[in-house]
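Chemist: Single-letter residue listing:
Protein chains: 4
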Amino acid sequence: MSINSFGHLFRVTTWGESHGPALGATVDGCPPGVPVDEAMIQHWLDRRKPGQNKYTTQRREADAVRILSGVFEGQTTGTPVQLMIENTDQRSKDYGDIMEKFRPGHADITYWQKYGIRDYRGGGRSSARETASRVAAGGLAREAIRAIAPDMRITGYMTRMGAHEIDRSRFDWDQIEQNPFWAPDAQAANDWAEYLDDLRKSGSSVGAVIEVVARGVPAGLGAPVYGKLDTDLAAAMMSINAVKGVEIGEGMSAAMLTGELNADEIFMGNDGKPSYSSNHSGGILGGISTGQDIVVRFAVKPTSSILKTRKTITKTGAETEIVTKGRHDPCVGIRAVPVGEAMMACVILDHMLLHRGQVGGQVGETRGHIG
Amino acid sequence: MSINSFGHLFRVTTWGESHGPALGATVDGCPPGVPVDEAMIQHWLDRRKPGQNKYTTQRREADAVRILSGVFEGQTTGTPVQLMIENTDQRSKDYGDIMEKFRPGHADITYWQKYGIRDYRGGGRSSARETASRVAAGGLAREAIRAIAPDMRITGYMTRMGAHEIDRSRFDWDQIEQNPFWAPDAQAANDWAEYLDDLRKSGSSVGAVIEVVARGVPAGLGAPVYGKLDTDLAAAMMSINAVKGVEIGEGMSAAMLTGELNADEIFMGNDGKPSYSSNHSGGILGGISTGQDIVVRFAVKPTSSILKTRKTITKTGAETEIVTKGRHDPCVGIRAVPVGEAMMACVILDHMLLHRGQVGGQVGETRGHIG
Amino acid sequence: MSINSFGHLFRVTTWGESHGPALGATVDGCPPGVPVDEAMIQHWLDRRKPGQNKYTTQRREADAVRILSGVFEGQTTGTPVQLMIENTDQRSKDYGDIMEKFRPGHADITYWQKYGIRDYRGGGRSSARETASRVAAGGLAREAIRAIAPDMRITGYMTRMGAHEIDRSRFDWDQIEQNPFWAPDAQAANDWAEYLDDLRKSGSSVGAVIEVVARGVPAGLGAPVYGKLDTDLAAAMMSINAVKGVEIGEGMSAAMLTGELNADEIFMGNDGKPSYSSNHSGGILGGISTGQDIVVRFAVKPTSSILKTRKTITKTGAETEIVTKGRHDPCVGIRAVPVGEAMMACVILDHMLLHRGQVGGQVGETRGHIG
Amino acid sequence: MSINSFGHLFRVTTWGESHGPALGATVDGCPPGVPVDEAMIQHWLDRRKPGQNKYTTQRREADAVRILSGVFEGQTTGTPVQLMIENTDQRSKDYGDIMEKFRPGHADITYWQKYGIRDYRGGGRSSARETASRVAAGGLAREAIRAIAPDMRITGYMTRMGAHEIDRSRFDWDQIEQNPFWAPDAQAANDWAEYLDDLRKSGSSVGAVIEVVARGVPAGLGAPVYGKLDTDLAAAMMSINAVKGVEIGEGMSAAMLTGELNADEIFMGNDGKPSYSSNHSGGILGGISTGQDIVVRFAVKPTSSILKTRKTITKTGAETEIVTKGRHDPCVGIRAVPVGEAMMACVILDHMLLHRGQVGGQVGETRGHIG
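Protein chains in written order, with the UniProt record's numbering: chain A, 1 to 371; chain B, 1 to 371; chain C, 1 to 371; chain D, 1 to 371.
Among the hints, erroneous ones may be present.
For identical chains, the list gives no copy identity; a pair is met inside one copy or between any two copies.
With a Cα cut of at most 30 Å, we get these calculated DSS-like pairs of lysine-lysine [as the list claims (entries may be wrong)]: (1) 273 with 201; (2) 308 with 273; (3) 315 with 49; (4) 54 with 273; (5) 273 with 49; (6) 201 with 49.
These are computed hints drawn from the structure, not numbers from a lab.
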């Protein structure tokens, strides 16, 4: 019932504050015999590292991960894996002003009200920095998936920045790694660059929509009715800082369709497995994977730490105004892409293990045969 | 790690199939001394009971709840409360055709693939009938909330049916109980009635958007970073049959706003508590309640059981077509309204108990004082 | 975090009071495809049924179990299995006296202090009757084990009644079912019969020691360091009413041995598997099964409901005396034998599923090979 | 369902291997506002530190704890507390021989069989070194208890070393800290010193019995029927390395008593609270605390790492012999005393929080009043 943990069998507990000595993830339940080392985890961490371009916070963090336990001679042992990242660039001086004032739209006020104490430095536990722990754990999950289901691919990208959406007709998987926005649409990337430049200069910020797709996921993963694959994915994504909405497949638009349009028709594929005419379901029916792509989408609200003046109150209840001077992300959604991928990896690995436990057999094996 | 359970301290496990002898909810962790009897739970169950008007399935179920444990002399004792609903109107004959064929958009195929056995009668465990158990548990949660926080109000309503949305300028709380659609807008209710009549006659179905609001929720409920109030609400709503999207406050639209527009400014209210200029946050910041209304929205896809012919396959892998003759809901979203309310009630009660455990004090008390 | 549940993947929640309408077990996580029906569960329940001989309470209960969910056409479906037992013989009148007085050595006073309300009829939730739910769940676990590991045998027996212990040199598996005490020693059974007759007539009661052995358990079950097989067995046995001590293998006596005596030497067996010179470890090393017999022992205290006059207090704090007239067991340990077996079955099945999930492969398969 | 975690609300996950870079405890759910710093935790760690006298392993470890998160300006913040202890004195060379051979009575063989990989250095995860993490977490629990219930006292001591038991008539609380064995009996301490000296020289080892008592625990803690206080204590103690038996109050001897002897009679104390004629129950009835002392006892088996030659096998299945040369404890039970105290502290704090959550009110407040 740990509140800083998620997962059934692959269980991740993150810990640490933005400006404490370190933060990390305690991962329990990773299968034994998974080849992994610090460089492999670092590879994934580097993708979310701040300060890599002018569109993300200029905070410079080495974000170097250390594996403190659970790995021996290059393989996981089945015991807890401790992934630690030390905080190096803290600059607490930047944050003096928020000691007394609450930033509108920020967790400052609720943490204070609930706990009566808060580590205000850099947002403490509520800082986007906590997501580094998730990405480290997700990196481990990816290596475990690679060992169990080598053909699986988990890819995230941005589909919307503020008012500007990608054009699906220009969708190109290869573009994603080619621009700072993880955009699958080169044209959109260019437009966003210009748009975000202006926003940054004006000291404002903007929201974004991220889509994460898992390809090569076998049918049969998920567990009705509260351990559904979509239920766990919704929780995983909603738990990411600043996320306000989560969609599976058709998502909110499903409300606008009729039954005949929304129901994906079923055929037999050439591989002797069921195939579908469409994927409104996002690869999940009744909480269980169909074998189609798993498609999850989430909205990230704009950073509340901005250079614009906002009305607020102090701890003593005095009405005042605040401007957040410290470094910030004009579009925090950019760095949410690797985080969404990490959460998807953790949830899917978890359900692969859960499936083995409950139903037996190996991943990809299901009990019910068709044909 | 029970997969048919949800909740941290107020823990609900639902059980039962659509056409088995009975279904129900095993509720563990209900506080002692809550006044409750079968009539009180029945009141909430009756709101979702099918067959009450031509817009919901004509299946007639008494849906009479029995309390088998945990209540003594009209009060909860702190031991598990077993809420059982017997299935009376089963008509298995209706369902002969789906023994061999999988309904497109339905859990038939994934249950079969995962488990190699499925109770095909009425959808078995994946039937919307499972939500009766949730409403019973939600009824108990409401009585517990009434005992602890009498001023709290949890209300659900429909904001969209297919292409037709309510007009917020006509929003009227009193309308909600006045029409079969739980619409807060009388005009919309009339339009929907006509629209749904045509849909029903044509054998089609349509999706809907439900909004659930909790008023009078104290500040401080919720627990970062994976036991966030919004995380648990997202999981609770996504776990409801046919739900494909969940939003908190501004939801997916938050992606389209700038930081200055999205951040709710803070003032001091006349009651000496913080007050906000707006509620884009949906009453939750950093996973913790602000004291504003908690606003959750979810999209329900159209029923996949329709009279329209759809292409599908059989268990033996033969391609074929299917038409679902049995009774069905043209807009299953209607009956999802009381279900959404029930899930909200369970999650909020759970977090009230969790808050007492972690932080101490009574509900409404917080450790951090402002002013 | 359900407090009336146990198990990781095979998760049992018991519910119900001694004199309520019914009690039972909600079992989540039972693997699909296990052949089971009510008669199979009833077989196990009948072994603990009271009133079968003069040595157990004369309360007459049909203890007829009903399967309300999770089983379809004679097989488990992978959804929750609800096992319900209705209470038929309640005789509440017997219990009038304990409404106001607390029985020494009984949970009456602590339930009252904690909850401020208690179902005093027959001990309510704290009645040994709750164990019927465990035996029903254990029956299901046994059928699942039979399907996965047909050669496993779980057998309980009594090794001590009060001052009288069995003589291990006369140990005979076949005797166990031949006497009302589940004694593996015919001579002891005769002595106990006489001894217990006198005790019963004098209105007293006595404690007992139960030993439960699981034979044919594969090596590799268990999960360090808090999901150890012995940790879960200790919790399972200690949770049984009236149990005050639990031992694994050598148990408390291990404190009296030297390292060379206690450490079981290892050889290679003819079956190509490791074999051991002795079993001081009770089949568990480091929380993981060795492949030897799993041996658990627990002590059951004497029933506190006796005909002897004891000093106590009333709810109003007046000092008084009490004599429990109602029916009672002179040696409640007798009926604890099937309960201990049931708990062992649940824990071992749970760890077989957990092993599949974490390590993969089938039961009996281990990742590390010797030789 | 984390297998390296324990606790309901105060949730401890330990991680780390004997010879890895570090080990520690991730503690989630510690209440906010508890005054704590590294020195306070270090105080408790120093009590179990090895190498303090000739009776414990000569391995020299600084065992310096670092608090990496969850504490700000000398108080807990309600976020996870990461307690890390770096491994300094590792001497891997000592352990060369056990790479290929399995020590009888040790977890070497079962870890290998289950996981197919093991960190053999110093026993890896199964080393008694893991208990340092527990003591650190227990130190935090003690500080939280001090803040909530200042009068509570948790004290452990050794009651038996091999064949030699203490004499209860000489029991003296003040003696416990005066001798290296935590013996409450000065005479026993002297006898044990001589006895252990001979054992150590002969290269043998011996078992012990530890008793842990919690004084000043309020009535009402515990939660039937699987979250019982005694159930959780049994699991906590049995999870400690080398423990083979756990007793509450009268323990195994309860089997030898009659009902009238075992049932503690109840009177009204001068403080207006119930008082008892004796404490056979060990302060727990029906899984809930009575307000008397909580008394738990556990047996620690003799270390299996001894200088005596024992028969065993190699990874390749060859029969051979082994002598463990490395440093070892002749009576590992000595260092188990602070560990038992730590587990008691964690379990009791956890149940104090659970009680607040489920029943409300502050610790010591119960809902049911007597008198």
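Chemist: All the hints need checking, so say for each whether the structure fits it.
Modeler: Hint check results:
1. 273 with 201: This pair counts as neither: shortest intra-copy Cα distance 53 Å, inter-copy 35 Å.
2. 308 with 273: between (55 Å within a copy, 25 Å between copies)
3. 315 with 49: Answer is neither; intra-copy 33 Å and inter-copy 44 Å both fail.
4. 54 with 273: This pair counts as neither: shortest intra-copy Cα distance 47 Å, inter-copy 39 Å.
5. 273 with 49: The answer is neither: 40 Å in one copy and 39 Å across copies each exceed 30 Å.
6. 201 with 49: within (22 Å within a copy, 56 Å between copies)
When the structure is compared with the earlier hints, violations turn up for hints 1, 3, 4, 5 and for no others.
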